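*Asks:* Spelled out from the first residue to the last, the chains are:
There are 2 protein chains.
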Amino acid sequence: MYKAPVEETVFTLRHVAGLSAAMAEGRLGELSDDLVEAILTEAGRFATEEIAPLAEIGDRQGVVLQEGQVKTPDRWPALYRAWAEGGWNSLTASPDFGGQGLPHMLHVAAMEMWNGGSMAFAIGPTLTIGAVEALSAHGSDALRRTYLPKMVSGEWMGSMNLTEPHAGSDLGVMKTKAERRGDGTYRLFGQKIFITYGEHDFTDNIVHLVLARLPDAPAGTRGISLFLVPKFLVEADGALGARNDVFCHSVEHKLGIHGSPTCTMIYGDGRFGGEPGAIGWLVGEENRGLACMFTMMNNARLAVGMQGVAIAEAATQKAIAYAKERTQGRAPGWQGSGMSPIIEHPDVVRMLLTMKALTQGARAITYACAHAVDMAHATEGEEARHWTERASLLTPIAKSFSTDAGVDVASLGVQVHGGMGFIEETGAARLYRDARIAPIYEGTNGIQAIDLVTRKLPLSDGAQVKDFIAELRGIAAAVRASNDPAFGDTAARLEASLTDLEAATEWLGTALGEGRQLDALAGATPYQRLFGLVLTGAYLARGALADAGDGRRAERTALCRFAAENIIAETAALKDRVINGAASLEAARSVLG
Amino acid sequence: MYKAPVEETVFTLRHVAGLSAAMAEGRLGELSDDLVEAILTEAGRFATEEIAPLAEIGDRQGVVLQEGQVKTPDRWPALYRAWAEGGWNSLTASPDFGGQGLPHMLHVAAMEMWNGGSMAFAIGPTLTIGAVEALSAHGSDALRRTYLPKMVSGEWMGSMNLTEPHAGSDLGVMKTKAERRGDGTYRLFGQKIFITYGEHDFTDNIVHLVLARLPDAPAGTRGISLFLVPKFLVEADGALGARNDVFCHSVEHKLGIHGSPTCTMIYGDGRFGGEPGAIGWLVGEENRGLACMFTMMNNARLAVGMQGVAIAEAATQKAIAYAKERTQGRAPGWQGSGMSPIIEHPDVVRMLLTMKALTQGARAITYACAHAVDMAHATEGEEARHWTERASLLTPIAKSFSTDAGVDVASLGVQVHGGMGFIEETGAARLYRDARIAPIYEGTNGIQAIDLVTRKLPLSDGAQVKDFIAELRGIAAAVRASNDPAFGDTAARLEASLTDLEAATEWLGTALGEGRQLDALAGATPYQRLFGLVLTGAYLARGALADAGDGRRAERTALCRFAAENIIAETAALKDRVINGAASLEAARSVLG
Numbered sequence: 001m002y003k004a005p006v007e008e009t010v011f012t013l014r015h016v017a018g019l020s021a022a023m024a025e026g027r028l029g030e031l032s033d034d035l036v037e038a039i040l041t042e043a044g045r046f047a048t049e050e051i052a053p054l055a056e057i058g059d060r061q062g063v064v065l066q067e068g069q070v071k072t073p074d075r076w077p078a079l080y081r082a083w084a085e086g087g088w089n090s091l092t093a094s095p096d097f098g099g100q101g102l103p104h105m106l107h108v109a110a111m112e113m114w115n116g117g118s119m120a121f122a123i124g125p126t127l128t129i130g131a132v133e134a135l136s137a138h139g140s141d142a143l144r145r146t147y148l149p150k151m152v153s154g155e156w157m158g159s160m161n162l163t164e165p166h167a168g169s170d171l172g173v174m175k176t177k178a179e180r181r182g183d184g185t186y187r188l189f190g191q192k193i194f195i196t197y198g199e200h201d202f203t204d205n206i207v208h209l210v211l212a213r214l215p216d217a218p219a220g221t222r223g224i225s226l227f228l229v230p231k232f233l234v235e236a237d238g239a240l241g242a243r244n245d246v247f248c249h250s251v252e253h254k255l256g257i258h259g260s261p262t263c264t265m266i267y268g269d270g271r272f273g274g275e276p277g278a279i280g281w282l283v284g285e286e287n288r289g290l291a292c293m294f295t296m297m298n299n300a301r302l303a304v305g306m307q308g309v310a311i312a313e314a315a316t317q318k319a320i321a322y323a324k325e326r327t328q329g330r331a332p333g334w335q336g337s338g339m340s341p342i343i344e345h346p347d348v349v350r351m352l353l354t355m356k357a358l359t360q361g362a363r364a365i366t367y368a369c370a371h372a373v374d375m376a377h378a379t380e381g382e383e384a385r386h387w388t389e390r391a392s393l394l395t396p397i398a399k400s401f402s403t404d405a406g407v408d409v410a411s412l413g414v415q416v417h418g419g420m421g422f423i424e425e426t427g428a429a430r431l432y433r434d435a436r437i438a439p440i441y442e443g444t445n446g447i448q449a450i451d452l453v454t455r456k457l458p459l460s461d462g463a464q465v466k467d468f469i470a471e472l473r474g475i476a477a478a479v480r481a482s483n484d485p486a487f488g489d490t491a492a493r494l495e496a497s498l499t500d501l502e503a504a505t506e507w508l509g510t511a512l513g514e515g516r517q518l519d520a521l522a523g524a525t526p527y528q529r530l531f532g533l534v535l536t537g538a539y540l541a542r543g544a545l546a547d548a549g550d551g552r553r554a555e556r557t558a559l560c561r562f563a564a565e566n567i568i569a570e571t572a573a574l575k576d577r578v579i580n581g582a583a584s585l586e587a588a589r590s591v592l593g
Numbered sequence: 001m002y003k004a005p006v007e008e009t010v011f012t013l014r015h016v017a018g019l020s021a022a023m024a025e026g027r028l029g030e031l032s033d034d035l036v037e038a039i040l041t042e043a044g045r046f047a048t049e050e051i052a053p054l055a056e057i058g059d060r061q062g063v064v065l066q067e068g069q070v071k072t073p074d075r076w077p078a079l080y081r082a083w084a085e086g087g088w089n090s091l092t093a094s095p096d097f098g099g100q101g102l103p104h105m106l107h108v109a110a111m112e113m114w115n116g117g118s119m120a121f122a123i124g125p126t127l128t129i130g131a132v133e134a135l136s137a138h139g140s141d142a143l144r145r146t147y148l149p150k151m152v153s154g155e156w157m158g159s160m161n162l163t164e165p166h167a168g169s170d171l172g173v174m175k176t177k178a179e180r181r182g183d184g185t186y187r188l189f190g191q192k193i194f195i196t197y198g199e200h201d202f203t204d205n206i207v208h209l210v211l212a213r214l215p216d217a218p219a220g221t222r223g224i225s226l227f228l229v230p231k232f233l234v235e236a237d238g239a240l241g242a243r244n245d246v247f248c249h250s251v252e253h254k255l256g257i258h259g260s261p262t263c264t265m266i267y268g269d270g271r272f273g274g275e276p277g278a279i280g281w282l283v284g285e286e287n288r289g290l291a292c293m294f295t296m297m298n299n300a301r302l303a304v305g306m307q308g309v310a311i312a313e314a315a316t317q318k319a320i321a322y323a324k325e326r327t328q329g330r331a332p333g334w335q336g337s338g339m340s341p342i343i344e345h346p347d348v349v350r351m352l353l354t355m356k357a358l359t360q361g362a363r364a365i366t367y368a369c370a371h372a373v374d375m376a377h378a379t380e381g382e383e384a385r386h387w388t389e390r391a392s393l394l395t396p397i398a399k400s401f402s403t404d405a406g407v408d409v410a411s412l413g414v415q416v417h418g419g420m421g422f423i424e425e426t427g428a429a430r431l432y433r434d435a436r437i438a439p440i441y442e443g444t445n446g447i448q449a450i451d452l453v454t455r456k457l458p459l460s461d462g463a464q465v466k467d468f469i470a471e472l473r474g475i476a477a478a479v480r481a482s483n484d485p486a487f488g489d490t491a492a493r494l495e496a497s498l499t500d501l502e503a504a505t506e507w508l509g510t511a512l513g514e515g516r517q518l519d520a521l522a523g524a525t526p527y528q529r530l531f532g533l534v535l536t537g538a539y540l541a542r543g544a545l546a547d548a549g550d551g552r553r554a555e556r557t558a559l560c561r562f563a564a565e566n567i568i569a570e571t572a573a574l575k576d577r578v579i580n581g582a583a584s585l586e587a588a589r590s591v592l593g
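These protein sequences, in sequence, are chains A and B. All the letters of the first sequence, read from the start, carry residue numbers 1 to 593 under the working numbering. All the letters of the second sequence, read from the start, carry residue numbers 1 to 593 under the working numbering.
Derived by calculation from the structure, the hints in this document are not laboratory data. The structure presented is a predicted model; accordingly, all values stated were derived computationally and were not measured. Glycine included, C-beta positions come from ideal geometry on N, C-alpha and C. Each hint should be verified, as a subset may be incorrect.
What the hints assert, rightly or not - Partner residues are not named here, just some residues of chain B that face chain A (Cβ under 10 Å, in silico):
hint	residue
1	Ile57
2	Met420
3	Arg436
4	Leu545
5	Asp547
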């Protein structure tokens, strides 16, 4: 059974992602070490004791749609209410609307643990928090007053309505229409698909944020507006009024995260009587909807990255526990009587250490991204610009590397279990199924790579990435300066991987500068992976160099060395793929017919 | 919908795996080109038109156990009968028992296609063929006369009963007992788990091959005997007699291959009345059961490798079709109006070409392994020894590389489909689920790696692997000699990868020679992968160099170049992991607690 890794999250926040430094510099207000520990301990307890025990039933029962109503798995509505009553929905929200105004770093660590308990459960609340962010940043005072307090408390949930059948990665072609009613409100008509928690029985009302197009809007992404469309209209006194003209037409039969409803939502077909059209309120300005949505999409991408970390952590815990218990064969050097636990076999050790290293690397990258977000909020001027850029640069890597790690680690987890891994009751298979959506939603990892290469590398004319690499060089230098033989060849390995990253970065900059878009994009995914591996090595080293006084320094150094000597070496091949791969890729297009 | 790749299988057999050369040398009797094409065209038609359309219903319905009877999916029993009536069960069996005595090469190509249609369906018949092989090689005349004709015709199916709850990879600790009855027969008592098609409604009788231990047997693997235990006893006239004391206690709820029953079998609990004990007949000698089983396990491993190839091919076809049809965004250089098909995006091209290259590499390796099996049968003396060794060397690589490719390619296939890939109705998710068992059963890929490094590399004092690498060097030299610029950097890349393989092989030889078992085993899996990648590059090049007169040489050269310049470069990191990975792995064991 999953046990939230509270110690590891606190350590990583403090000593790897930069929480302790930020607190020491007074960047995070009155946040104390005790409060950090208290919050994460309780978030972890909730994940371990409340969420995790209901994960399997959620997977097995899935959701049921009957006459437009979605029934979530047994005991899930009560689980949600307990979660909201614990105040977990309001961690980062503004105190103006009942929020606690805490740093994103705490939030991502808590999200990791809730998703570790059950990704299908945690995805819903996460989307509400995204909706709160968008509404806080772009909603009118009236909208914020009406909706935010109840969304922050968790009394109502939110949903994000972007995708349409022909508009997924490319939102510019969406067709959902919004018509002005003349009273400041709008009527929406259209169909949205893949809407996570678009309908459910957790809360009485659901606040949909919906992208749609006005009749006179310009074509493409510059003609999209954002609307707030509640399931039930809200009266002046805050009470629920009439049913709005939006409903759930169907739910998907999915590979994983069965407990979460994935809905097709129909807007404006008039089925509830009266004039057709779902009544909506504009959020932000007309035709600026995509920019508003991006406010929350960056955080949503980081949140999906957390799902990758969470699945990887859960899969690793499960595999280690099984490998200690299951005996089979006799490993070389095994001194015990009878068969050895399979954790004694070198190949199993290799799988488990790979799982550990990828999990901790992904965790460190995502937490470091949250740190950059917090620092951007805590600073001003040039400094804020720096941290905003850092968060922008890290977001696609955090999303893609962590979600790929989720899939890879969950697959290794099944393998460690042998035949038992293929049996659903064991639970390893569920993680393998759940993990698979994370590299796809909130922008596929291929889209993240395009974003990284074409939008993030050019930040500050390339100075942002250059400075970042220089910082990472500092970690490698510190490993070298430590002269600790337990690091083995780590310093040299890290230095070599950084040289690969520099060469690939420079090559991409040149290719883009010369307008060789195809060449650059052909190498975008290998580059993104390369960056993630370098960060994994560097952050594991930063953790190993830290003195947390918890007696685990030797372990961290050993894991860092394992990663440096076994995983990071891939960077050479990845750099080669970035720099030399495009020509053969173009030449081979004909193979695809 | 899956379409059996008949042309590609025929090409690969002839020009890559060695079928044409073997036929030209007269090694395969009267086999003609026309017959090869006729057989594989019809096997492919059956896969495309009969099996594939029933794959989805098999996945959705799964199997149902009621009062010891397993109901397979709708129309599957009729599908099986049509398959058996087509003579497909008898391809490689001896003409003495109604078989066609055809080469294994044809069989693996046909198996690839049947598994491409539905892996859950094809796994059952495959096991029968394995049972036929074991019985042919080790059964008494009486047993062979009684059982083989009906097993060869497909009137009865077979099953393999090895695994017990505490005896999976390590069969030495199995507990199933066999007691001598004094009349030459035995009574069996015990429980077997994970028995594929242990019970079903395809045939009236099921012939179980069961490993069990005699009362006076030595401990460990040298005390295991093989027994034939029919579901129904067979009368002297061949008619079905009394129900034997074996039954299916439960079926597993699995991640994938839902249509195939995975049974827990109980032997000898006396539920059908009479004296308890399932009546069995010894196959081969007492206490030599594991050796008998290994006869068919090698072929079973190759058959599982074919499942990896099959899933990879099916996933690739599906992804290419979707990528051509789905439009989204505008790829750089896209000249059409509106959105481009996603196949125009470089990142999608990279995914699809990677899928193509891994699929074709895995296919070539498995077919080459079947070629070695056929040559071992067709030759004598030193030559037979050489080919037996070659088949032995290739088997673990064929099994592991192909099944890993199946998982990786199916995962990429889901990714290419974006959100649709996560929806079960699309079918990409089923392949991702089905694929996951293949790296596990018939010896996990970790077990294959141990086999490769500790048993196969030492063959002929290392001369077998050395000669093989020299042959592969010949392919690289031919690429260089071709002077064809379309190969790009292929020659140099192949040469470098072969140098990596040589270095890793030599290092492992030294480590084993010096008794450093842990060091060697720590690198076994990376070594196995390294070998598979080198073979992929070499066999793609062999195919590209061949002149098949089918106008596809340029395509094959382009795919070979893509693989050489994008995939094969991983060999450097893998070699490094073999040679330098063990120390850090040992040092980090403490991390696992």
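*Asks:* If a hint holds in the structure, say so; if it does not, say that too.
*Replies:* Structure-based check of each hint:
1. Ile57: 14 Å, violated
2. Met420: 9 Å, holds
3. Arg436: Result: holds, 6 Å to nearest chain A Cβ.
4. Leu545: Since chain A brings no Cβ nearer than about 16 Å to Leu545 of chain B, farther than 10 Å, the hint is violated.
5. Asp547: Result: violated, 18 Å to nearest chain A Cβ.
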